[in-house]
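Residue numbers (our numbering), protein chains in the order written: chain F, 4 to 334; chain U, 4 to 334; chain R, 4 to 334; chain Z, 4 to 334; chain A, 4 to 334; chain G, 4 to 334.
Just so you know, these hints were derived from the structure itself, not from any lab.
Please note that a few of the clues may not be correct.
Same chains, same names: a pair is fine if it fits in one copy or spans any two.
As the list claims (entries may be wrong) - Simulated crosslink set (DSS-like; lysine-lysine; CA at most 30 Å straight-line):
(1) K245 - K118
(2) K180 - K118
(3) K220 - K254
(4) K223 - K160
(5) K66 - K325
(6) K119 - K255
(7) K325 - K220
(8) K118 - K6
(9) K66 - K6
(10) K289 - K66
(11) K255 - K245
(12) K160 - K331
(13) K331 - K5
(14) K129 - K245
(15) K66 - K331
(16) K331 - K118
(17) K5 - K129
(18) K220 - K66
(19) K220 - K289
(20) K118 - K66
(21) K119 - K254
(22) K180 - K331
(23) K245 - K180
(24) K254 - K325
(25) K229 - K5
(26) K325 - K255
(27) K229 - K254
6 protein chains.
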Amino acid sequence: MKKIITLGEVMLRLSAPGFARFMQARHLDVVYGGSEANVGVSLCYFGLPALHVTRFPESDLGKAATQTLRSHGVDTSEILYGPERMGLYFLENGNVHRPSKIIYDRFDSAFAHLKKGMIDWDSVMKNASWFHWSGITPAISQGAADVCLEAVVAARKYNVPVSGDINYRRNLWQYGKVVRDVMPALIESCDYIIGGETDFENCLGITANGFEEACSKVMKQNLAVKKIAITMRECISSSHNKIEGVVWDGKKLHQSRVYDLTHITDRIGAGDAFMAGLIYGWFTGKTDAQTIEFATAACALKHTIEGDVNTSTADEVENLVKGENIGKLLR
Amino acid sequence: MKKIITLGEVMLRLSAPGFARFMQARHLDVVYGGSEANVGVSLCYFGLPALHVTRFPESDLGKAATQTLRSHGVDTSEILYGPERMGLYFLENGNVHRPSKIIYDRFDSAFAHLKKGMIDWDSVMKNASWFHWSGITPAISQGAADVCLEAVVAARKYNVPVSGDINYRRNLWQYGKVVRDVMPALIESCDYIIGGETDFENCLGITANGFEEACSKVMKQNLAVKKIAITMRECISSSHNKIEGVVWDGKKLHQSRVYDLTHITDRIGAGDAFMAGLIYGWFTGKTDAQTIEFATAACALKHTIEGDVNTSTADEVENLVKGENIGKLLR
Amino acid sequence: MKKIITLGEVMLRLSAPGFARFMQARHLDVVYGGSEANVGVSLCYFGLPALHVTRFPESDLGKAATQTLRSHGVDTSEILYGPERMGLYFLENGNVHRPSKIIYDRFDSAFAHLKKGMIDWDSVMKNASWFHWSGITPAISQGAADVCLEAVVAARKYNVPVSGDINYRRNLWQYGKVVRDVMPALIESCDYIIGGETDFENCLGITANGFEEACSKVMKQNLAVKKIAITMRECISSSHNKIEGVVWDGKKLHQSRVYDLTHITDRIGAGDAFMAGLIYGWFTGKTDAQTIEFATAACALKHTIEGDVNTSTADEVENLVKGENIGKLLR
Amino acid sequence: MKKIITLGEVMLRLSAPGFARFMQARHLDVVYGGSEANVGVSLCYFGLPALHVTRFPESDLGKAATQTLRSHGVDTSEILYGPERMGLYFLENGNVHRPSKIIYDRFDSAFAHLKKGMIDWDSVMKNASWFHWSGITPAISQGAADVCLEAVVAARKYNVPVSGDINYRRNLWQYGKVVRDVMPALIESCDYIIGGETDFENCLGITANGFEEACSKVMKQNLAVKKIAITMRECISSSHNKIEGVVWDGKKLHQSRVYDLTHITDRIGAGDAFMAGLIYGWFTGKTDAQTIEFATAACALKHTIEGDVNTSTADEVENLVKGENIGKLLR
Amino acid sequence: MKKIITLGEVMLRLSAPGFARFMQARHLDVVYGGSEANVGVSLCYFGLPALHVTRFPESDLGKAATQTLRSHGVDTSEILYGPERMGLYFLENGNVHRPSKIIYDRFDSAFAHLKKGMIDWDSVMKNASWFHWSGITPAISQGAADVCLEAVVAARKYNVPVSGDINYRRNLWQYGKVVRDVMPALIESCDYIIGGETDFENCLGITANGFEEACSKVMKQNLAVKKIAITMRECISSSHNKIEGVVWDGKKLHQSRVYDLTHITDRIGAGDAFMAGLIYGWFTGKTDAQTIEFATAACALKHTIEGDVNTSTADEVENLVKGENIGKLLR
Amino acid sequence: MKKIITLGEVMLRLSAPGFARFMQARHLDVVYGGSEANVGVSLCYFGLPALHVTRFPESDLGKAATQTLRSHGVDTSEILYGPERMGLYFLENGNVHRPSKIIYDRFDSAFAHLKKGMIDWDSVMKNASWFHWSGITPAISQGAADVCLEAVVAARKYNVPVSGDINYRRNLWQYGKVVRDVMPALIESCDYIIGGETDFENCLGITANGFEEACSKVMKQNLAVKKIAITMRECISSSHNKIEGVVWDGKKLHQSRVYDLTHITDRIGAGDAFMAGLIYGWFTGKTDAQTIEFATAACALKHTIEGDVNTSTADEVENLVKGENIGKLLR
């Protein structure tokens, strides 16, 4: 069966338990996550087959990361291993007026040492039904950027639909290239994009009056792009957000209902849950209106789940879209 | 001293810690609970003596369940033991848009193997001041249904007041009988009932326009029944509910204030806390208006307490009724 | 470098985990705290040097308390040790309609056995830039009251500014003296006070119509007092409070914005965080308007942090004052 | 049914988890225990009915202690409550070359405030089949000593057999009396004693050449005493001890086999487990040789169980005596 | 690539933490295990591909069990799901003189409801390089016994080597058949067996003077059987065992060195680790002498690992065989 | 007061809880440690003042590491901070036949970015009573090696005694220099050394017949060196070691008693505890025979304590030397 391919770094996340501050923590909770793998994991819970391409250290940490992906149902047969270190990040959970904090420690990781030619993209893409990447990968290292471009080119070659989550992060991009040298070539090969106005300004130099105009300009520049989606997040506090998803189909903006996230458990990976919802919707032939409702509901559910990944099934998401089971005790 | 008698299965509850999903849990928290025993435990905390009748496995799990009841002050001297298994259930706590989930694993338990004649109800009811049962017991097995009927008959014989929590659960009732074969005989012996319109429709075939009309019809059919109470629950989300209690006294509906349960800790057993509050009110001679306020406040407090049982004292409930101590730090 | 001196008992706090009730707790979480030391700790996180004066048992519990203070950066070189016991308190965290509970067990502690002359206040105050005490100390024992008065007198002698948190607690004051025998002499040496109308009535016999009038009368009686501050707390529930800080400068009331504390993690020590914010503001030359905003923001942040002490830095507080980072994920 | 009566203080034990030192502990594990109550609890697990007499604070800590005793099956109906504090102790578990440490904090407890006349010993002893006390109680306070003597006198009056565990602890005995003023009157009323040579020297002024001669002298002085038992403990390290039990029947010394305790889990309460084993043996009519084997096996099993109390059943102890199940996996 | 096939029930194991007794446990640790799956998991860590055949409930518990197997690398593509319950067992860890205890609760599980024809053994065995079963499966239910026989027959048909772990457990076998009705047909199809004298007596009616004679008789009766192995375990205590492995090759007994297991962490699954070691040795062409050393070393290592499965790699086992790294800190 | 100065990296240690393997760990326990800081911490517990020189990241991880050192009493006023990462290592605890494993992740840390001139060694050494370094520091980076040499030179200049723990680790030394280019200059400035024959061969090219001859040769080459000490460790298993300390005083070998470490809790930092014991002995004027007994007893005690550092006091070590308190319960 053809698989949805995701490419990206997976990090060891070490988070202070509950609402403890870093300096209070006597142990750190362990999960593994990374934007693109989170998408693949979520798709597996939705019932679609996913395969994640990454590179891990050969140590037990790399094996543990592989085991985690495999437990969720992700095909790990294309994962590479090298002598370098595990990328990791430390998380302190915020609460009400206190923001959450992340300390990244991912430089010089096994993934950053990916090099052109290490992955046989022809063989991967022959068995692919979709390819997803994010703007984090080309920001990590020249090798990672090269591999991402290889993947996109191979996907095009085998007519595999491509989605990209722009996700521009200024703190990355330290290997010499600037974002506008790299991203345009990647974006122009995408069918589906998650991105907002500042992403487009930073990556493509596009300025616009509002999201719709920005999308129009992106699509004019990048003819392959068919849909552009984004979540709008209103942060009342660290514990209480509101979210709404929108998708531009080239002509029209489809908006989801607004979810009132009154008691947030974990917002890491919420954008990835949204992305997975979009892919699921488009892949399974939903309309854009249905897709944006599904994706936003998936995103809302992610906020109730500990860790980086959304473990909700498609049924669970559909039930939320239908407004069923809210506040219920399912026996 | 005469005791309030409760009859029912007590299960081992295994719950995923915090908001972990079943698949994330590396340990499960252990408590013991069951609808009727929860009522008895709560009454002990209110200062009334209670005795629980049930049947446990002879294993250490049955002993641990007995120890738990005994620690709360419940008289466990009439508990039976047999070679069969412990009933158990698995709980996953929901949060905001994610519903809670229960996986029952209670079939073929030591309680389900209860048989007519195993319990000397004459000796039990001679020393009883009240008897409470729920609709879960007759749903479990023919033997459990028979024993429940024996108990109700014996209670009547010794003029012991009887309360019943209808609590119709479709998933149970798998031993061959249908609910309307069994429940009418039990309900007609009750003085006090908790139940709602769908309970009455399912168990008694009564359809009505609204709760008050339903209650009138129930009372017409069942002359012993003097009061019918229920909680109305508005589920804004898994984390936020509103509750209000009402009691129909045959002529008039008494409504409690509404409690805004903005941060739910554990709603399992909230109905049992309400039931215990009703019994406490009626047993100690409160008016219906006072009783419904007390019972609903007890129900509200249960939502703040981990586990199946309400460990609030009568004073703590009264303070909430009076609006005292809200948000206080009692030193 | 001159240090901010705080004097007071530090207790071992033993709290039931999460929302467990005392009777459910199978372990108790350990922190160390006390009103005045909490102020000193918070000042260290703000970047000001603090030294805490107290008396601990010589046991490992006293050493552990010292280690905790030292870890936060507090100078512990003036701490005394004796053969008596550790003061301690037990905490049960409330939730929504259930109030929090504290069981104090602090009588006859090493601190209560402080005696006049044990501390060389001349040498301490020569190197002091501020002195802070609270109304808890003179309530503990005759010796503690004597030592507090010694400290205030020595501070005056060396022109060290003095702040006092009136904090009248009826349950203390069991050693024979009544509050009005002791507090007036302490209050009259203060430059800065935290207190409210009932504090002033209890400690000084001042009755007034509202906070402003009360402050005027206090200042008329106590000419050294330049500022009087207090937090107003609206308790919607144990989980949800609103707070606002005010300071009277002798002529005018300065009010902070209102903080909506929708998901309280731990409110113990919130008043101490406020006090530390006031001292920081006044010490570093902020205006009263700035000071009250800073102090109230500090107080708001404390509610999001587990334990007795506010570990927020001055930058974190300033960011909240500016409204930055709210609900953010700081990467 | 007549009950075995035990009298003594029950303390809240707060122990550092695992092998953590006090200064490392971020939480403390909670159990409740006290020498004489430990004996009563163990007897309940052996199948004999026990009732414990003590005095607790009225706080939730006193209630939690009561709940713990009740959960084990001990009758708590004679427990008194007062306004004073809970006695408590802190425990750090040693390991190999590192000794265990206890910090007592039990002065001025509710139990220490026991006074003559508070307990109706006539009514207690009418329903008693045995009475057990230890040398800790008369060491705590004059009131506790008085109550202990009242109990012994009442036991004699109703022909209730009396056992005493001498257990001399120099650190207690701070209320003015010296041990030889108090203990002789208590010991002379005993039928059964646990004690060793230094106990007899300290309490009775008896010096002797070896245990047998000491026992002979004790029995000559105290005609009621019929048996004297003791455990011999060889401490190879904190993790590895050897124990052997002996009993002197007035003429002959009976020795148990030696148990090699190679991996000690918790040795607190091992002497109490031994005492309970002796009472069980003598009460149920075993010979002295059988009794000492049973008691020493019980003592050995206690070392494998966390907390103060031995939860082994009589069958489990008998199986160890028979050498069955050693190292087995009982399915 | 052809896979090693294992067939058997996988249960949810709920174990009291550390050395807590069942009645002390406030949570239970969760792992998943079953004799045959444990063999498959261990083989995956040794680097051989394994596929496990079983039947789970459709609930989240069944999914979690699948995830666990998959995380270890086991192919779960042939797992079936049904509406019935999860088999489970409760474990209390013994220590020194206290035996470990298991409470099984596995009757009527989804696995017990396996029926002839549910699994397409032809397709499974076409891609098999080995088949392993144990005596637990035919003991569970008629259906499970039938399916086990189907598997063995299919394996023979496709010339797949078959190993069987006799593992006779009297408590199982409650569905009507007796062991000698069922086991002979299964054993006669085996190439490799783990079993001891009492197994052979119970299952085949063979009595003999010692293990070697018993093996000779088994091989005479069952011509396919080429090797019979067993571990000899000396139980000094629950914490200290000695083990030695032996294999009979039809002519000669090969004995491994003796391992002194002085501090046992978890002995569940030690026999399965031994079995996996045997399969690894025979499958990869080791001599019997090498194989028994490898298998016994694997068994020894399992005792140091928490849970049911041996996660040691082949390198780790080889290092122990060579005596390398003992007591080392591998940096 | 002059301080004992230690220089070296302090890492965040992340260890799998109990005996969990890396792949089983769902959280990792957090401590901070490093060879030289461990020595300083231990000296603080012995009652000597210590100051640690290191460089941390400016992040909360660096602050938390500082807080930990400060809590133990170490003077942290000379610690530097930079923008780089925290060095860290992952630890899996072995057991019996399973070795412990460490995964280092310390390259490119803030400490590795130390540069010549960053530390004002003149001002540090003016207030120093001792200087201690280890062979780990010069192995980390050119900058670290330079700073270590600066320190040794400054110590000589101010007549501060110098101790060095050779501790040669092949895996480090990746920055271009080989060990023999760097170590001789450092060793020749030492008064006191910990090292063994392979250390001397690797670092100094000295080959010898046994420890005594090696020491003689080292001293001939390095005239400042007055004492050379080492621990001899016999590894029976990961859980059971024997240790013995020896010191060569230039003429004679002093040997300590042998400690039988039958149940090891944590052996990390045992060599540092030994080193601290040596410094304590020499610094306080003990004889070599006394010093080696003290140091080896300290080393033995470390094995019973969780984490990297020995928190034993000098009294606790002395008691072990005297053989007091072994296996006791100190009340």
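How would you label the pair K229, K5 (within, between, both, or neither) given a Cα cut-off of 30 Å?
within (22 Å within a copy, 44 Å between copies)
Pop the pair K66 and K6 into one bin, within, between, both or neither, using alpha-carbon distances up to 30 Å.
both (22 Å within a copy, 21 Å between copies)
Which holds for K245 with K118 at a C-alpha limit of 30 Å: within a copy, between copies, both or neither?
Neither. Shortest intra-copy (41 Å) and inter-copy (49 Å) distances fail the 30 Å Cα cut-off.
Check K325 against K255 for me: Cα-Cα at most 30 Å, and say if that holds within a copy, between copies, both or neither.
within (23 Å within a copy, 38 Å between copies)
For K119 and K254, with the copy left unspecified, which applies at a CA distance of at most 30 Å: within, between, both, or neither?
Result: close neither inside a copy nor across copies, 38 Å intra and 58 Å inter.
Indicate which option fits the pair K331, K5 if close means a Cα-Cα distance not exceeding 30 Å: within, between, both or neither.
neither (37 Å within a copy, 39 Å between copies)
First find the shortest C-alpha distance between K5 and K129 inside one copy, then the shortest across copies, and answer within, between, both or neither for a cut-off of 30 Å.
Classified as both; 8 Å inside a copy, 24 Å across copies.
Using 30 Å as the alpha-carbon threshold, which applies to K160 and K331: within, between, both, or neither?
neither (48 Å within a copy, 40 Å between copies)
Within a copy, between copies, both or neither: which one fits K331 and K118 at a CA-CA cutoff of 30 Å?
neither (50 Å within a copy, 34 Å between copies)
If the cut is 30 Å between Cα atoms, do K289 and K66 qualify within a copy, between copies, both or neither?
Between. Shortest inter-copy distance 27 Å satisfies the 30 Å Cα cut-off; intra-copy 37 Å does not.
Using 30 Å as the alpha-carbon threshold, which applies to K66 and K325: within, between, both, or neither?
This pair counts as between: shortest inter-copy Cα distance 25 Å, intra-copy 40 Å.
Homomeric proximity label, K220 with K289: Cα distance no greater than 30 Å
Classified as within: same-chain Cα gap 25 Å, cross-chain 49 Å, threshold 30 Å.
In summary, the structure is inconsistent with hints 1, 6, 7, 12, 13, 14, 16, 18, 21, 23 from the numbered list given earlier, while agreeing with the others.
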